[in-house]
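Student: Given next are the chains, with one letter for each unit.
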Amino acid sequence: MKEKKKLKKRLKYFPNSRYYDIQDTLFKYFGLACTLLGVIILSILIIDLVIDGASRINWDFISGDPSTSPEDATVMVGIVGTLWIMLFTALIALPIGISAGIYLEEYGKRSKFASIIEINIANLAGVPSIIYGLLGLEIFVRMLHLGESILAGSLTLALLILPIVIVSTREALKGVPYSLREASYALGATKWQTIWDQVLPAAGGGILTGVILSMSRAVGETAPLIVVGAATFVTASPNGPMDDVYTVLPMQIYNWVGRPEKEFIPTAAGAIIVLLIITFLMNGLAIFMRQHWQRKVKW
Amino acid sequence: MRNLLFTFIAFALLTSCGGDSIKIDGSSTVFPISEKAAGKYSKTENSTKVKVSESGTGGGFKKFARKEIDISNASRPIKKSEDSACKAGGVKYIELPIAYDGLAVVVNPQNTWVDKLTVAELKKIWEPAAQNKIMKWSQIRAGWPDIDIKLYGAGTASGTFDYFTEAIVGEAKSSRGYYNPNENDNVLVQGVAGDKAALGYFGLYYYLENQDKLKIVPIDDEDSTNGAGAIIPSMETVMNGTYQPLSRPLLIYISKESSTKKEVDGFVNFYLDNAETVVKEAKYIPLTKETYAIVKERYKNKVVGSLFLALKSTVGIKLEELLKKQ
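In order, the protein sequence lines correspond to chains A and B. Heads up: the first sequence begins at 1 in the working numbering, then just goes up one per residue. Heads up: the second sequence begins at 1 in the working numbering, then just goes up one per residue.
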């Protein structure tokens, strides 16, 4: 009774408040449903993969010699190729992308020219990946004579993820309160000292989120790598960045999925599980670093 | 820590210079055969690294003409334009037929009306003039039901597309545009299997692996000299040349310059010696033993140039006769 009275009183002064209450609850559940949708689809996918592919996951599948028959095909050459490619993609794209982001955000002056660059970088993120492959083929493979090497593949993927790294670095830097910079300047620090010692550590978490997103994109790419010469089947693992005989996990998966023999289905599913684990480990490392980093930063 | 990383990278860059390897690229249809051959070869002693890629028959020939690869896989014979590109790049090649492939025309198992199709009827469906005109089964043969026809076929970049259009429409790459194209034959299988009104074409083996989900259509080329009536594709009818015009030769092209290298020569000889086994394992149809003997001779004598360039059409050729002529 008391409750009702209270509500009536409230309604008297805020005639819409019940409506807003409903709106609030509605959106809460709508948002929950949206979140669950992604989780449910991912779990269906993973369950399906595990049902199909769990029987193939064993040490031999991961470390055995390459084979062409569905029963003893292995992912070893793909794992080695993927790790080499990802290592060099990260070593090339991250320093360049983060530096470019710092320049644009901290040093660049607001001008028409700057906003044109800004728009173009954002647009680059939407270019189909095979276009980067064609660019890589002409520049890295042919003009720079890198051949169909792992390095040429890494450079191509680095181009592909650069826009994501740059944009997310800028967003992370934007999130650092300006007072932090002012305090640093007030203590007599130079611009570089301010960026290196104050702004970057504070923005580190956000930058790493961008790194996770971009590396996750690169790890699943096939189209640009086909163009710059990644093979579908190789008889031995690559032994370094200049080796031109290599394949990556997504290309092995693509090959196995397309084969007529049904026996390739478990092999493909097993390889997808391995690729997911690699992606999770990679992201886990970045999240660990982010946690570690954020604990050190206190304003 | 940082120094360690730099040392590691410098070391990795220095020690990993390419080395000798055998590079194969080209058709994704021929890929499984070369893949099996490479896999078997790698288990022999003193084998060299082999890489097999699949950028398509056309893409393979482009790299071949630039001397970027040693062997080009092809699901159709080399074209005049590609031959001139090879000449311009100074690449002489040895052309070796390696297997047969049949293209299966299939419908959904619930399709009760189609008993066979003639080449003329297929042409009516697939020619460019059929676009927006031939939309229903009843337009193909009187008496067939008045329901929309759904078409599934090879993507336009594949040699399969080139071959099908040449064999059926009469001109390579000439096809109606409105159909569901896919480079992945398993996707086409799924499409036809899930659609009562569907008609599709793809590699024969994809039908043989999915017989419970698909219904094969016998093809009549209305030419009784190579088997009368409608013929069902099978190992046998493709091999004896009666399943026409939808069976085709698969080939490999070896750069003459590369063939002088010991490791490439060793690999090609291994490939040809084991051709029948690897072709069967890759689920294609092997040539006859006599034909393989002629092909081996051809490689031994390093006969350069193509057998097919002088021909008007590659549809319906008899490989053995053609090879013997030379």
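Warning: the hint list may mix true and false statements.
[Said to hold, decoys possible] Non-contacting residues of chain A with respect to chain B, defined by C-beta distances greater than 10 angstroms in every case (computed): (1) Asp65; (2) Ser67; (3) Leu83; (4) Glu148; (5) Pro163; (6) Ala183; (7) Val227.
[To be verified] So the derived list for chain B, only partly shown, Cβ under 8 angstroms to chain A, looks like this: (8) Gly39; (9) Ser42; (10) Val52; (11) Ser55.
Calculated directly from the structure, the hints in this document are not laboratory data. Don't be surprised by glycine CBs; every beta carbon is placed ideally from N, CA and C.
Student: Please go over all the hints and tell whether each is borne out by the structure.
Tutor: Hints versus structure:
1. Interface exclusion of Asp65(A) from chain B breaks down, the closest Cβ pair being 8 angstroms apart, not more than 10 angstroms.
2. Against the 10 angstroms criterion, Ser67(A) falls within the reach of chain B, whose nearest CB is about 6 angstroms from its own CB.
3. Under the 10 angstroms C-beta cut-off, the non-interface status given to Leu83(A) relative to chain B holds; the minimum distance is some 12 angstroms.
4. Non-interface status of Glu148(A) relative to chain B is broken: a Cβ of that chain comes within 10 angstroms, the nearest being about 7 angstroms off.
5. With a least beta-carbon separation of about 25 angstroms from chain B, Pro163(A) lies farther than 10 angstroms from that chain, consistent with its non-interface assignment.
6. Distance check for Ala183(A) against chain B: the nearest CB is about 30 angstroms away, which clears 10 angstroms, and the non-interface claim stands.
7. In this structure Val227(A) is not separated from chain B by more than 10 angstroms, as the shortest Cβ-Cβ distance comes to only about 7 angstroms.
8. Among the interface hints, the one on Gly39(B) holds; its C-beta lies about 4 angstroms from the nearest C-beta in chain A, closer than the 8 angstroms criterion.
9. Checking Ser42(B) against chain A: minimum C-beta separation of about 4 angstroms stays under 8 angstroms; hint holds.
10. Nearest Cβ of chain A to the Cβ of Val52(B): about 4 angstroms, under the 8 angstroms cut. The hint holds.
11. Using the Cβ-Cβ criterion of 8 angstroms, the hint placing Ser55(B) at the interface with chain A is satisfied: the shortest such distance is roughly 6 angstroms.
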